[in-house]
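First to last, the sequence lines map onto chains A and B. Sequential numbering from 1174 applies to the first sequence in our numbering. Sequential numbering from 8 applies to the second sequence in our numbering.
Hints are computed from structural coordinates only; laboratory data are not their basis. Please note that a few of the clues may not be correct.
Stated by the list, open to error - What follows is a set of in silico ranges between Cβ atoms, one per label pair, in the way DEER data are often shown:
1) A:1246 x B:120: 28 to 36 angstroms
2) A:1268 x B:57: 42 to 50 angstroms
3) A:1232 x B:49: 39 to 47 angstroms
4) A:1207 x B:65: 24 to 32 angstroms
5) B:119 x A:1332: 33 to 41 angstroms
6) B:28 x A:1180: 40 to 48 angstroms
7) A:1227 x B:35: 19 to 27 angstroms
8) B:46 x A:1281: 44 to 52 angstroms
9) B:153 x A:1246: 17 to 25 angstroms
10) A:1232 x B:184: 48 to 56 angstroms
Stated by the list, open to error - Just a few of them, taken from the derived set where beta-carbon distance is under 10 angstroms, the chain B residues facing chain A:
11) 111
12) 115
13) 152
14) 154
15) 173
As the list claims (entries may be wrong) - Over the 12 angstroms line for every Cβ pair with chain A, so calculated as not near, a few chain B residues:
16) 44
17) 73
18) 161
Note that the structure is a prediction, hence the values are computed from the model and not measured. Backbone N, C-alpha and C define an ideal beta-carbon position, used for all residues, glycine too.
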Amino acid sequence: MRRPPLVVVFVALLVIALGETAGAVISQLRPQIVRYAQARVEANPKPHGLAGSAEYDLEITARAVYSAEAGLSFFHTHAQGLGPLVIFASTVTASVVRWRWARGALYTLFALGAFFPLGYLAYAVAVLERGRDAGIELAEHYVLTPLGSAAIVGLVALAVLMVAGRRRGETA
Amino acid sequence: MTGPGPEVWRLPPLASLLAAILLIACAEVGGASMVRFKLDLTRWARSVMLARPVVHGLVGVRDVDEQVIDEALVKFDAGLRLFHLHAEGMGLVIIATTMTAATLVHSDAGRRALIALFTVGGAGYPFGYLLWSALIPFYGIQTGKTVAEWLVWIPFGGAAIVAAWWLAALLGARLVRRA
């Protein structure tokens, strides 16, 4: 099997390294992360809709902290999964796709898609700074959807190009 | 995946591939067993916990004890699920990273060290979750977690993290030199 360009392999490895490190950080520094998240919610009462009622505010804070923790956890799992996927998909691209321009486009899409897990980091931060719903919407709209779409379009295009290349080979 | 040219992937050592495949197989068996033996596992964990009331802080009041046991059972189940998830993922990470190290690291010593760290660290780390689950009924959630952390997660996970950053740094330096 042919090897994809070094930059694509580097991006995938960087994402794997970030994912592994995030897992260790989540596990070892959980109390500190929770305290930080609670402090950020407290510092942003308006976006979170804190009302000054202890019981209500506690529930709102707990929901926001849970969402931020979920964002970090999704970052860890998606980075571990997407890193190898980018290496394998771009290896198939390097080995099977005949057209140079198409390979370049696919490498670009996969390299962009490799950064999709970073959207969950943005998700965790945005939830705390902008409020739960607005933060999730922001991360989904500006980071998760574009980067995730790049990976999806890349995989679909790879499948189409594999079929096209095979048909062309058969007719030739 | 062997090949003579620099643009071709080189095969990682057979031991690394075998470790990765066995890890993925263990993950799949673990996932299937969780579903198939869920009730038996829960019953077993519950009986072990009830036999160790002091460890789990059981006081003999049903309402209080049930809550404590439920929490421990949720963690027991989470440990098994996390083993399944991490073993599936780390199997693929081992294949991808050892293949990269075998192909792109020129120094013999560095390549061998990286492949060993990825293989041993990646294959060992997920078993920490299995150990945690097994320890929960006997020693409680927190003690089980501490033991798993020091015996498995920190040494094996640390090895995989060091290897990942080392390899990323090597590739990054090569990209910078090329630029």
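Hints versus structure:
| no. | hint | verdict |
| --- | --- | --- |
| 1 | A:1246 x B:120: 28 to 36 angstroms | holds, 30 angstroms |
| 2 | A:1268 x B:57: 42 to 50 angstroms | violated, 57 angstroms |
| 3 | A:1232 x B:49: 39 to 47 angstroms | violated, 30 angstroms |
| 4 | A:1207 x B:65: 24 to 32 angstroms | holds, 27 angstroms |
| 5 | B:119 x A:1332: 33 to 41 angstroms | holds, 37 angstroms |
| 6 | B:28 x A:1180: 40 to 48 angstroms | violated, 29 angstroms |
| 7 | A:1227 x B:35: 19 to 27 angstroms | violated, 48 angstroms |
| 8 | B:46 x A:1281: 44 to 52 angstroms | holds, 50 angstroms |
| 9 | B:153 x A:1246: 17 to 25 angstroms | holds, 21 angstroms |
| 10 | A:1232 x B:184: 48 to 56 angstroms | holds, 54 angstroms |
| 11 | 111 | holds, 7 angstroms |
| 12 | 115 | violated, 20 angstroms |
| 13 | 152 | holds, 9 angstroms |
| 14 | 154 | violated, 14 angstroms |
| 15 | 173 | holds, 9 angstroms |
| 16 | 44 | holds, 25 angstroms |
| 17 | 73 | holds, 23 angstroms |
| 18 | 161 | violated, 8 angstroms |
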